[in-house]
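Modelling step: build the complete structure from the supplied sequences, incorporating the hints.
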Amino acid sequence: MTTVPISADKSPGIVLELLYSLKVKDAMTTEVVTASGSATLREIQGIMKEKAITGVPILEYGRLEGIVTIGDIIGALDSGSLDKIARELMSTSLVTIDAEMPLSFAVTYFDRYKYGRFPVLDGTGRLCGIITASDILRRLLIALNEEICRMEKRMAERQAKEEGPLPQVEMSFGTMPHDFSKAGNASQKFKKTLVERGCPPQIARKAAIASYELELNQVIHSSGGIMRMRIFDDSIEIFARDEGPGIPDVGLAMQEGFSTANEWVRSLGFGAGMGLPNAKRVSDDFFIESKMGVGTTIRASIRLDQGENQWN
Amino acid sequence: MELSHAATLTGAILVVGSAEKKISGGYTSDLLSDVMAHAKTGDALVTIQAHKNTVAVASLVGAPAIFICNNRPIPEDMIEAAAAEDIALLKTALSQFEASGRLWSAFSPS
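So the sequences go chain by chain: A and B.
Note that numbering that gives the first Met the number 0 gives residue 236 to position 237 of the first sequence, counting from 1, and the numbers run on in steps of one.
Note that numbering that gives the first Met the number 0 gives residue 59 to position 60 of the second sequence, counting from 1, and the numbers run on in steps of one.
One thing to keep in mind: the hints can contain errors.
Calculated Cβ distances over 12 Å to all of chain B for the following chain A residues [as the list claims (entries may be wrong)]:
1. L63
2. S92
3. T296
Capping the alpha-carbon separation at 27 Å, the derived lysine-lysine pairs in DSS-like fashion look like this [claimed, not checked]:
4. K191(A) with K39(B)
5. K279(A) with K181(A)
6. K205(A) with K21(B)
I should point out that these hints are in silico values taken from the structure, not numbers from a laboratory.
Heads up, the beta-carbon is just placed ideally off N, CA and C, and yes, glycines get one too.
Structure (structure tokens):
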């Protein structure tokens with residue numbers, strides 16, 4: 000299960016971005032129920048009840064002249080003037096909003112004017128829709144959902160591109176410079192995992208040798224790094240990346256017998272210049288890249304689909 | 000060959016592990032990468048490298064026993080590591096040359 004990388008801290012940023020990129024016309028309701036100025040408030044109340052709405056714009060010759068809201072109806076009920084016509088009692092101090100404005104404008108309008116809805120006018124000043132707070136919320140939810148779908152798709156594509164098939168097992172370990180007390184632990188755990196999963200001994204041994212040599216290489220020479228072991232259906236991959244100092248001449252380092260290890264390291268039985276060649280020898284694919292001041296990346300793979308390397 | 004027999008041949012004492020463990024040969028080296036490269040599964044490791052990294056190497060190549068030569072002192076953490084990895088540790092006063100020679104003769108009678 001992959002997680003969608005929207006952090007709680009940053010998600011308001013996404014919402015703001017959507018509010019600026021979406022326009023009022025993207026969120027408004029376009030099927031606006033209107034009435035003419037000669038309709039009675041009683042008729043309008045009937046429309047509100049039937050359509051479950053709380054405001055009806057009043058049009059005169061196609062132009063927006065006012066709005067009758069549920070508040071106006073309540074006022075009319077109170078004063079017994081339900082049979083008067085809309086033209087007489089409608090609110091005419093209208094706040095309208097332009098269809099081309101960003102949605103963020105509508106949000107500010109709701110804050111500033113405390114109305115429940117705003118008539119939306121097109122470029123020619125004609126009523127083309129109506130917008131309520133729930134229209135905005137609904138549109139935002141749809142947009143957020145679309146955004147998440149896009150992110151998930153991008154993540155899946157990126158993962159498929161970068162990492163290829165998903166491994167059955169993935170383990171990773173950190174290494175510390177000159178920490179010989181823990182050196183080899185990662186490789187031992189990895190080998191145990193292989194054996195537990197039924198890996199044939201000769202394959203487990205190759206993987207363990209490659210893993211151990213790369214691990215020791217980091218312990219002896221680097222300022223620390225990470226080891227990542229992955230078991231795929233058709234291969235075992237050991238990946239080692241350290242944080243420097245880097246190998247000045249990779250060709251030389253791959254030669255058996257070449258070593259820059261110090262006397263102390265040599266006295267422990269390491270640093271004989273056999274590590275990297277050993278790791279390469281047991282691997283079917285061996286990739287090494289090193290940059291001075293940056294670090295060294297090594298990927299050693301053992302294929303499981305050929306010759307004596309048959310697992311199952 | 001049972002370890003008890005190999006211990007008798009080399010005058011070694013068993014520091015940790017079972018005397019009934021079996022070895023099928025041996026490999027002698029003080030270079031751990033060399034051991035990694037050449038020791039076979041079932042080999043006893045003959046060395047003077049008395050530290051826990053030798054145990055890690057033995058475990059990775061599948062060596063069931065380590066002979067520490069020249070009576071080199073064996074640190075406590077090496078004994079613990081060997082016990083944890085189920086690898087026998089033996090200590091002998093012989094040099095690598097002598098210990099290897101005696102084991103080799105027993106494996107290759109002529």
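Check the non-interface label on T296(A): least C-beta distance to chain B beyond 12 Å or not.
Correct as stated: the minimum Cβ-Cβ distance to chain B is 21 Å, above 12 Å.
Taking 12 Å as the cut and beta carbons as the points, is L63(A) off the interface with chain B?
holds (83 Å)
Check the hint pairing K191(A) with K39(B) against an upper bound of 27 Å on the C-alpha distance.
holds (18 Å)
Hint check: K279(A) vs K181(A), CA-CA at most 27 Å. Holds or violated?
This hinted pair holds, its Cα atoms lying about 23 Å apart.
Hinted pair K205(A) and K21(B), Cα distance within 27 Å
Answer holds: K205(A) to K21(B) is near 23 Å, not above 27 Å.
Least C-beta distance from S92(A) to chain B larger than 12 Å
About 84 Å separates S92(A) from the closest Cβ of chain B, which puts it past 12 Å; holds.
In terms of the numbered hints stated before, the structure departs from none.
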